[in-house]
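**Q** Work the whole structure out from these sequences, hints included.
Number of protein chains: 2
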Amino acid sequence: VSSAAANAEIIAVGSELLTPGKIDTNSLYLTGELNNLGVEVVRKMVVGDDRARLVQSIRDAAAQSQFVILSGGLGPTEDDLTRDAVAEALGRPLLFNQDICDWLEARFRSFGRKMAEVNKRQAYVVEGAEILHNDRGTAPGQWLAENGHILMLLPGPPRELKSMFGTLCLDRLRALLPPLAIRTRFYRVAGIGESDLDQIIAPIYTKYANPVTTILSTSGDIQIHLRARCSTEVEAEALLADLGGQVEAALGDRIYSNNGDPMEKVIGGLLRDQKASLSVAESLTGGMLGMRITSVARASDYFRGGFLTYTDEMKITQLGVPREVLETRTAVSEPVATAMAAGARSRTGSTYALSLTGSAGPGGEDDGHVWIGLATPDGVEARELRFPAGDRDRVRLFATNTALNLLRRKLCAL
Amino acid sequence: VSSAAANAEIIAVGSELLTPGKIDTNSLYLTGELNNLGVEVVRKMVVGDDRARLVQSIRDAAAQSQFVILSGGLGPTEDDLTRDAVAEALGRPLLFNQDICDWLEARFRSFGRKMAEVNKRQAYVVEGAEILHNDRGTAPGQWLAENGHILMLLPGPPRELKSMFGTLCLDRLRALLPPLAIRTRFYRVAGIGESDLDQIIAPIYTKYANPVTTILSTSGDIQIHLRARCSTEVEAEALLADLGGQVEAALGDRIYSNNGDPMEKVIGGLLRDQKASLSVAESLTGGMLGMRITSVARASDYFRGGFLTYTDEMKITQLGVPREVLETRTAVSEPVATAMAAGARSRTGSTYALSLTGSAGPGGEDDGHVWIGLATPDGVEARELRFPAGDRDRVRLFATNTALNLLRRKLCAL
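Protein sequence lines, in the order shown, are assigned to chains A and B. Residues in the first sequence are numbered from 1 upward in steps of one, following this note's numbering. Residues in the second sequence are numbered from 1 upward in steps of one, following this note's numbering.
These are computed hints drawn from the structure, not numbers from a lab. Please note that a few of the clues may not be correct.
Which copy? The list can't say, so a pair holds if one copy fits it or any two copies do.
Straight-line C-alpha distance at most 30 angstroms; calculated BS3-like pairs for lysine-lysine [to be verified]:
1) Lys22 / Lys162
2) Lys114 / Lys265
3) Lys120 / Lys162
4) Lys207 / Lys120
5) Lys114 / Lys207
6) Lys275 / Lys410
7) Lys22 / Lys207
8) Lys162 / Lys265
9) Lys410 / Lys265
10) Lys162 / Lys114
11) Lys265 / Lys275
In this text, all values refer to a predicted model and were calculated from it rather than measured experimentally.
**A** Here is the structure:
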């Protein structure tokens, strides 16, 4: 199998994967693992419990692609067609394997149950196949060579498939492929829109076919993945350092993470290093900011807590926001954001406090209007944001992202 | 096309859909719409930018299935192979269509841009195809009949595909299919595990092939979908009422929603109806409970706010939890949970208050141990929960689900 042309097809078997709510996640896992070996996935299929279509699909794939991975259809019922379909597609007989049968019977015995006759179907093996032991279920896998092409029959449940592929197939595949070193770098960026970011770094990364650059964006949080493929690790790291260095220089402190850590974790690390503490005061986000901060283990090292002041009355009684400011300026205003942050800081005794007030909508005239407050030992500042109205969850997520980034920049500037 | 056998294949075109992070969501949408017409999806494929494989895949699908839907590969670049591949698979020429070309040029002009020569590729149509207008992008779709089978060429971007399929393909498909009425019912259930629930209702729903029953479960929230398919709406509704009535009788008030509404919305409705208000006091969940309650629009009708008391000191100063109770009983205990709920209720003046205290982990001996408090006009109660330690997010989600369900049962019992 030559490296340049190594390719694979993945066939998922089972009618349940052809319903509107089901995703074949096995193929995503397999694609990642195959790519790491330098193998490209050229076609994926999902085939229902339909023997003729399955036989034809297997035959086509095995004729055209070096590796064919089948997932599912190895259970004990009539619907489990993969063994029979592979045997028919390759024109080989299915042979009964006494060792598998004994193992299955012992497995059932160990659970205090007697094996049903139907389970003997799982003891049939395509002639010439190596058996792949299943350490997490009853369906054994199979590994087959046919005219220099390889077929793998793997169980459908993701935890069984991942264990079998990871422990039994990866090494076999590596032995057939030239050595390949893959190295990745995973930046996260905040405080810039995706198109503005692309305008800055596209002139850099488009010059490189290797490393491959992928950009993903969700609600104000952008991820940049660099992936270098070389025959040695040293070469791959050198490529990453070359491209990565240019990306870092171009984006500066808009990069908040160079190892994929989320913002909450980065902020937690900065607060812990500075022996500083944090509290929050939330209105429109109703707890999302606190929830995100405490999604990181050991957040109690720096997080004191906070106030969900959803009503004006709560802002007055719990945070000391002056009633006349709420009445004259409304709750979505700079003085309310700063008073909330200052109130949270003084009432908790934390080093820093973040506040969020705004209107997420839908239904109001001011929807999408948000004020962020940040109280520090040096004073209080505020930032105004405006989002397109309409998507409540998106406004809230974007607002918390922006608030966390405001704090990060303050912590980094120290 | 006969109803019993109506089947379809979906082919997504584009190498970007063969990467580890990409899901072909179009096929999920299309499967749902086709199922609603009584058409079963029998195979799905994702094919990269590889003309030979694509031609073969189209030829196989068109020979075997009544409907073949292709998505993607209709753009203006060399990589956009769908038009050429369909033409080759069916042995028909591609014809230049001046109307499309004029429309494309006008579209570019309206954005103040001149159309690039390469965009003329999008003006080619397979001989005999009807053109499907794209109201959201530049790539027109095509509708083709071949030996009584139908091929649809649709654009890849989901918003373009959905609009084109919904406005131009659904009616054409309906005209080819016998009438079919689909009716669904969507229950949500809390306070019971999935296997216990299945033991109760499996003897009921397994007697029915129609309606079809689907059960989905995530962290203490279970959804039961019933889907009836008949030739008339009256028949479908009668089947749903028959099966649904038995499911409702078996599960009683563990069903919290019979229209798919999430728990937060159900509770909001109950509070609004009873002109009651709510506040929260959160420790381990750090704001998740408040965030969930305020994820519903107009939550300000009943939600006052709350307290994120992550430290012992915050529990003492903000909620009046006695210091000696924290010292003698620890923060994860019944008296702390009840004092937190009572403190939140008295300090906000709300009708009800929910509290959550516990250890989400990882790293502590008591991980997965949670106490929930509920303060009402009649007093305070508490509930203890223990989860398998290890998954911080799962413990927090399960804890908030259980807390919300405790409140719901109280509100329903009134």
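**Q** Now tell me, hint by hint, if it's right for this structure.
**A** Structure-based check of each hint:
1. In this assembly of identical chains, the alpha carbons of Lys22 and Lys162 lie at most 30 angstroms apart whether taken from the same copy (18 angstroms) or from different copies (19 angstroms).
2. Neither within a single protomer nor between protomers do Lys114 and Lys265 lie at most 30 angstroms apart by alpha-carbon distance, with minima of 50 angstroms and 48 angstroms respectively.
3. For the homomeric pair Lys120 and Lys162, the shortest alpha-carbon distance inside one copy (24 angstroms) is at most 30 angstroms, but the shortest distance between copies (46 angstroms) is not.
4. Taking identical chains as interchangeable, the C-alpha atoms of Lys207 and Lys120 lie at most 30 angstroms apart only when they sit on different chains, with a minimum of 28 angstroms there against 57 angstroms within one chain.
5. With identical chains, the CA atoms of Lys114 and Lys207 are at most 30 angstroms apart between copies only, with a shortest distance of 27 angstroms across copies and 63 angstroms within one.
6. When the C-alpha separation of Lys275 and Lys410 is checked against a cutoff of 30 angstroms, the pair qualifies only within one copy, where the shortest distance is 15 angstroms, while the shortest distance between copies is 43 angstroms.
7. Taking the closest pair of Cα atoms, Lys22 and Lys207 come within 30 angstroms of each other only across two copies (24 angstroms); inside a single copy the shortest separation is 38 angstroms, beyond that limit.
8. Proximity of Lys162 to Lys265 under the C-alpha cut-off of 30 angstroms is restricted to the intra-copy arrangement: shortest distance 28 angstroms within a copy versus 38 angstroms between copies.
9. Taking CA atoms no more than 30 angstroms apart as the test, Lys410 paired with Lys265 passes inside one copy only; the shortest distance there is 16 angstroms, against 38 angstroms between copies.
10. In this assembly of identical chains, Lys162 and Lys114 lie within 30 angstroms of each other by CA distance solely inside one copy; the values are 28 angstroms within and 51 angstroms between copies.
11. Taking identical chains as interchangeable, the C-alpha atoms of Lys265 and Lys275 lie at most 30 angstroms apart only when both belong to the same chain, with a minimum of 15 angstroms there against 40 angstroms between chains.
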